[in-house]
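Residue numbers (our numbering), protein chains in the order written: chain V, 24 to 137; chain D, 13 to 124.
Please keep in mind that the hints were generated in silico from the structure rather than gathered at the bench.
Some hints here could point you the wrong way.
Chain D is nowhere near these chain V residues, computed Cβ spacing over 10 Å in every case [unchecked claim]:
| hint | residue |
| --- | --- |
| 1 | Lys37 |
| 2 | Glu102 |
| 3 | Thr135 |
PhoX-like, lysine-lysine: derived pairs with alpha carbons at most 20 Å apart [claimed, not checked]:
| hint | chain 1 | residue 1 | chain 2 | residue 2 |
| --- | --- | --- | --- | --- |
| 4 | D | Lys15 | D | Lys69 |
| 5 | D | Lys53 | V | Lys32 |
| 6 | D | Lys15 | V | Lys80 |
| 7 | D | Lys49 | D | Lys68 |
| 8 | D | Lys69 | D | Lys53 |
| 9 | D | Lys79 | V | Lys32 |
If you're wondering where the values come from, they're calculated on a predicted model, not measured in any experiment.
Even for Gly, the Cβ is constructed at its ideal location relative to N, Cα and C.
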Amino acid sequence: NAGVTQTPKFRVLKTGQSMTLLCAQDMNHEYMYWYRQDPGMGLRLIHYSVGEGTTAKGEVPDGYNVSRLKKQNFLLGLESAAPSQTSVYFCASSSLGRRPYEQYFGPGTRLTVT
Amino acid sequence: EDKVVQSPLSLVVHEGDTVTLNCSYEVTNFRSLLWYKQEKKAPTFLFMLTSSGIEKKSGRLSSILDKKELSSILNITATQTGDSAIYLCAVVAGTSGSRLTFGEGTQLTVNP
Numbered sequence: 024n025a026g027v028t029q030t031p032k033f034r035v036l037k038t039g040q041s042m043t044l045l046c047a048q049d050m051n052h053e054y055m056y057w058y059r060q061d062p063g064m065g066l067r068l069i070h071y072s073v074g075e076g077t078t079a080k081g082e083v084p085d086g087y088n089v090s091r092l093k094k095q096n097f098l099l100g101l102e103s104a105a106p107s108q109t110s111v112y113f114c115a116s117s118s119l120g121r122r123p124y125e126q127y128f129g130p131g132t133r134l135t136v137t
Numbered sequence: 013e014d015k016v017v018q019s020p021l022s023l024v025v026h027e028g029d030t031v032t033l034n035c036s037y038e039v040t041n042f043r044s045l046l047w048y049k050q051e052k053k054a055p056t057f058l059f060m061l062t063s064s065g066i067e068k069k070s071g072r073l074s075s076i077l078d079k080k081e082l083s084s085i086l087n088i089t090a091t092q093t094g095d096s097a098i099y100l101c102a103v104v105a106g107t108s109g110s111r112l113t114f115g116e117g118t119q120l121t122v123n124p
C-alpha cells in the first residue's frame, strides 16, 4: 500500500497563476482533508470531504477550491495564486470505522508563490 | 471557536534527558486528543486519548490527559537524537465530526 500520495512535491508559481494539487489514497478511506502548514501556526484545515461528491469548508478556505469526484482522490485548486498561499500543503485521510480521528498524512507539497 | 495551545514552542535538550511537552485546549464538547510526530515530512500518529482513557504508553513515550485542567502532556524519557521532531497536538470536538484542530507544535531538538 502506498498510503496517501501527493502530486507534485514542489511547485513555484507566479502571482495570478493557477494550479491543482492531487491527493490519492489507497486505503478506501471515506474522509479526506487538505491542510496548510506555516511556520509557528501548526496545521490549518482548508477543506475536507466526508465522502465521494461531498466537500466542506475548513478553517481557512478562501482562495481555494476542492473536488472529490472519486473516493480515492481529493483535488485542491488555486485559481489565482497569491504570495500568502506560499506554504506546505498536506493531504490526509481517515476511516469511517473504529478510529475515525486517526488521520494518515501524505508527504506534503511545498508551494512557493512569487 | 476551538483553540489548542502548545508549549514550549521549541526545546533543545541533550540525549538522555527527559522532556515534557504541554497541550491545552478550549473546545466545545471535547471528544479526543491526539499526538502526532512530524519529522521531515508527514505527521505520523502517536497516541489518542479520550475521556475514558486518560493515559497511554509506548516505550519511552507516554501521554496523560487531564480532563479537569483541559490539558495533556507528552513525556519522552531517555531522549535520543531520533526523537528530534515537531510534536503536534490535535483535538476533536463535539460538532466537528472527524475534523482535527491542531496546536502550533513543539519543535524538539535532541543533541548528542
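| Going back to the hint list, which numbers does this structure go against? | Violated: hints 4, 8, 9.
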